[in-house]
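Visitor: Line order of the protein sequences matches chains B and V.
The opening residue of the first sequence carries number 132 in the numbering used here; numbering runs sequentially from there.
The opening residue of the second sequence carries number 132 in the numbering used here; numbering runs sequentially from there.
Incorrect hints may have been included.
[Stated by the list, open to error] Below, simulated DSS-like cross-link-like pairs (lysine-lysine); rule was C-alpha separation at most 27 Å, straight line:
1) Lys493(V) - Lys503(V)
2) Lys503(V) - Lys377(V)
3) Lys435(V) - Lys509(V)
4) Lys650(B) - Lys600(B)
5) Lys152(B) - Lys377(B)
6) Lys493(B) - Lys435(B)
7) Lys556(B) - Lys571(B)
8) Lys377(B) - Lys503(B)
9) Lys235(B) - Lys199(V)
10) Lys198(V) - Lys235(B)
11) Lys235(V) - Lys235(B)
12) Lys493(B) - Lys556(B)
13) Lys235(V) - Lys198(B)
14) Lys294(B) - Lys235(B)
15) Lys235(V) - Lys199(B)
Think of the hints as simulated: they come from the structure by calculation, not from any bench.
Given next are the chains, with one letter for each unit.
There are 2 protein chains.
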Amino acid sequence: MAAVSSDINMVRVTNEEFVKKARDCEPVLLEKTVYPSHIVKIEKNGKTYPDVSVTGTPEDLPDHHMKKGDSICMDFGDHQVGYVTLKLASTGSPQDSPAYFRLKFGEIAKEMTEVSEEYDGWISRGWIQEEFIHVDVLPAVVVLPRRYAFRYLEILAIDTSPKWQLVVEEVSCRSVSAVDMESVLPVNTEDELLRRMDQVSLRTLQNCMQSVFEDGPKRDRRLWIGDLRLQALANYETFKNYDLVKRCLYLFAGLTRDDGRVGACLFIEPEYIVDDTFLFDYSLFFAPILLDYYEETGDKETLKELWPCAYRQIELLKGMFDENNLMVCAEGFWCFIDWTEGLDKQAAAQAVYIYCARRAAKIAGILEELDKVKELEKEIGDKVRASLEYLWDENTGLFTSGSSRQISYASQVWMILAEVVDQEKGRAVLKELERRKPEKGMVSPYMNHHFTEAMIQCGMKEEALEYMKYYWGGMIRLGADTFWELYNPENPAESPYGSSIVNSYCHAWSCTPTYLLRKYFLS
Amino acid sequence: MAAVSSDINMVRVTNEEFVKKARDCEPVLLEKTVYPSHIVKIEKNGKTYPDVSVTGTPEDLPDHHMKKGDSICMDFGDHQVGYVTLKLASTGSPQDSPAYFRLKFGEIAKEMTEVSEEYDGWISRGWIQEEFIHVDVLPAVVVLPRRYAFRYLEILAIDTSPKWQLVVEEVSCRSVSAVDMESVLPVNTEDELLRRMDQVSLRTLQNCMQSVFEDGPKRDRRLWIGDLRLQALANYETFKNYDLVKRCLYLFAGLTRDDGRVGACLFIEPEYIVDDTFLFDYSLFFAPILLDYYEETGDKETLKELWPCAYRQIELLKGMFDENNLMVCAEGFWCFIDWTEGLDKQAAAQAVYIYCARRAAKIAGILEELDKVKELEKEIGDKVRASLEYLWDENTGLFTSGSSRQISYASQVWMILAEVVDQEKGRAVLKELERRKPEKGMVSPYMNHHFTEAMIQCGMKEEALEYMKYYWGGMIRLGADTFWELYNPENPAESPYGSSIVNSYCHAWSCTPTYLLRKYFLS
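Whole structure, please, built from the sequences with the hints as guidance.
Guide: Here it is as structure tokens:
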């Protein structure tokens, strides 16, 4: 899967005024010092037990004298994003060699059992949360400069000397986030699984809410626009940090390609800079995010100021259709939709365009730009008609995609969300989908979210709730404290990166159960 | 080889006044910023070539874009002891993963080719000068907190990402020492080898002269008293930093076991503390070091103040002889002499005792403590007579050691240095030694130094110079910039640690050619 689509020669333009507005909305991070709650042993399968070889609780850590090869695994009780400090000492004879130890951080227990030397995936092994550290003189307070995302932290004494042992006197984590869990009331339900699902969603969202809405605090700290859309929706139902959404909108609008195209993601360090990756669906999502923000906040000034940027994406991408108003598929990684290998994205992309154009038209209406409303409505009508004429298959009662007329979940889901079919027809599509179970399924929680939303949109609330219990509930049954970047109920170890050791287990696009539960089911 | 002799329950006593005097003599380290002079490739055998794959000189470093697996090896032109700073940047798309790189420092070229994962020796692998570093945000100035001893520094890009490459913009080393090479004139000779031998000695000594006389700046930064003796002698002929010797004498005398026994070594961090290792010869050497210091400086106050400590070592260790005035050998690592495996140390230890008692007697004479002079002269007489009666073997014309009557270099050398035999007999012993070449040879430059001194003492100056050219000259022929902890001309890769990767290549006890040349040969 070609996951890199770079326009390395792109020319960037900056709207300084927009960037200033983004800067003004930068959050002051809240901090909380957290200590390990248990010392644990983790089995190869990820099963976790109290470590009986050491004296019980973290308070007794200093009694444990670590010689060459000894290790201690600390459990911080919940997923943390933060900065770790170790207080170390030595015992025995004077320290006649450097302390040399490995730190290994894991978001989930199973991650702690993976052997990083064996990693051979295609994304950087630099993402493996592991440090090799020498300390020449003990006692020492080691303040690690990097931020980690983890629940478990293992310290392995790679070597001491025959004459002295390493002592871990105290370990703490300064956990950071733009928001506070205590500011959100739990959902009102007796159903333990739903309560937990909400909490895990909230924690996921909280730990991704940093200087921007991050994608995943372990591995990809960038701001991705596809994820931002879902995070913003979950945030509106929970933390209600509107400034963070505003900041992100202004960042995307303020840092574009010279033709005004919004990037798929952007970096905030060492300076604000938009990446050279562009995705069809991600650029288009600017309009829905802007509309959602306006509908939640009533902030018309922002709506007005950023509307040209939203419209510009449609303007730039409407050229990707042929004379029959059908999406022309580009080579490679041009549109995200889902990680499903071999997925034909024509139909889903066509639907995403319609979905976004509908929202753009709504903004134009609010701003009383009637020419644009008209233009966009024609655009929507043309694309809907083409979808029904060329992609709808009467025989199967499903949408097809591409020249191979591939049938996938993604195509059906996005055609429903784009309202290409009405509620009743949508319901029939989803039922046929369930019966047929096409080979091209869904990999990411992102796609599963849209599947769930499609069910809700078709009035299948009961089925949607069951599906949530099956899908996100499945991660909870596997011990998730935060929801994962990837989860395939039929193969939980699956990774698009060649190894699950670099998977992210606290990931923006997985945080939506709290949104779905609070918006559609509970209050 | 049991190289650990710990008295872990020892009670330490501190003479605060002495420690204060040591503290008052603490040097202010001189600093010099050094940059790499070349980019090189090093072959498995240690042969070094200019690296033609990169653009020549270090000034062109920024033009080299390092992707996953790329490495650059920098040559700093000479052995450095110091603190390294790296200026790093990225090129290509924005940096979408941490920079993950390995730094490898080597004192000699061959060290750079060794594979640290294969190290399986008995001393701590923490000594291998290697760091694994993640940098999340580039550009960055990475100021490494540890001190390294090296000439070569390799940077290996373990991983970047397919989208960006690592750029090393500048690397510098803040080299430190208590003394300055420029303060010493070169030796007056046309012999290129001797000039080089002197320079390499000086650099060795300089790089070991830090807050104390270190043993080896790479691996063992402690102050060892056996090494101190030779360093002080070399220092008197060159840098003439008397305060550093005074500081070390006061440290040993101020930090002892509760019975007044001087330790074999001591640490200065995290606080001044004497180690729990005790060696027969090393404790006794306090007296010769004190006498040498006095003879060089005329500092009678120090002589007087530290004399009780010197005398106390003799007092404590005279109990190690039997009723025949013969050394009783203890188990294990009780006396250093040399690393030679299976070396019987009885004769050499007996001789070291005599050697040290002679110097103690001389101090007693200077201080007009006539009772002690008398007592020590009796002690010397008894031990010399016992050596000749029981250890001298008329048949071979050599000294034997232990119940197996082992013949070794060490026994002969120390009996000569202790003046148990006169010059003429000593010469015969050395000639017989050369003819016989006993199996128990010499491993350390420390032992080779004493062998050379024994030759000089016996009037064999020419042979001594030839030997120096053979022995220390051998290291120079192998490319040494500083003299090594260990060098066996017949097996240069030998290590007492199970692997040469942890050998120290700038080592205190190897610095003596400058002393020998300047004192006995050149001026």
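Visitor: Work down the list of hints and note, for each, if the structure agrees.
Guide: Taking the hints in turn, this is what the structure says about them:
1. Among the hinted pairs, lysine 493(V) with lysine 503(V) is consistent with the structure: their alpha-carbon atoms are about 10 Å apart, no more than 27 Å.
2. Annotation: proposed proximity of lysine 503(V) to lysine 377(V) holds, straight-line Cα distance about 24 Å (limit 27 Å).
3. A C-alpha spacing of about 22 Å is found between lysine 435(V) and lysine 509(V), which places the hinted pair at or below 27 Å, so the restraint holds.
4. As the CA atoms of lysine 650(B) and lysine 600(B) are separated by approximately 16 Å, the hinted pair is consistent with the 27 Å bound.
5. For the suggested pair lysine 152(B) and lysine 377(B), the alpha carbons sit about 9 Å apart, so the restraint of at most 27 Å is met.
6. Taking the CA atoms of lysine 493(B) and lysine 435(B), the gap is near 13 Å; set against the 27 Å cutoff, the hint holds.
7. Taken as a hint, the lysine 556(B) and lysine 571(B) pair is honoured in the structure, with Cα atoms around 21 Å apart against an allowance of 27 Å.
8. A distance of roughly 24 Å separates the Cα atoms of lysine 377(B) and lysine 503(B); the hinted pair therefore holds under the 27 Å criterion.
9. For the given pair, lysine 235(B) sits about 22 Å from lysine 199(V) by alpha-carbon distance, which is consistent with the 27 Å threshold.
10. Of the supplied pair hints, the one linking lysine 198(V) and lysine 235(B) holds, its CA atoms being roughly 25 Å apart against a limit of 27 Å.
11. The suggested pairing of lysine 235(V) with lysine 235(B) holds, with an alpha-carbon distance near 22 Å, which does not exceed 27 Å.
12. Our distance criterion of 27 Å between C-alpha atoms is met by lysine 493(B) and lysine 556(B), whose separation comes to about 24 Å.
13. Of the pairs offered as hints, the one joining lysine 235(V) and lysine 198(B) holds, with about 25 Å between alpha carbons and a cut-off of 27 Å not exceeded.
14. For the proposed pair lysine 294(B) and lysine 235(B), the alpha carbon gap of about 25 Å is at most 27 Å, so the pair holds.
15. Restraint check: the Cα-Cα separation between lysine 235(V) and lysine 199(B) comes to about 22 Å, which is no more than 27 Å; the hinted pair holds.
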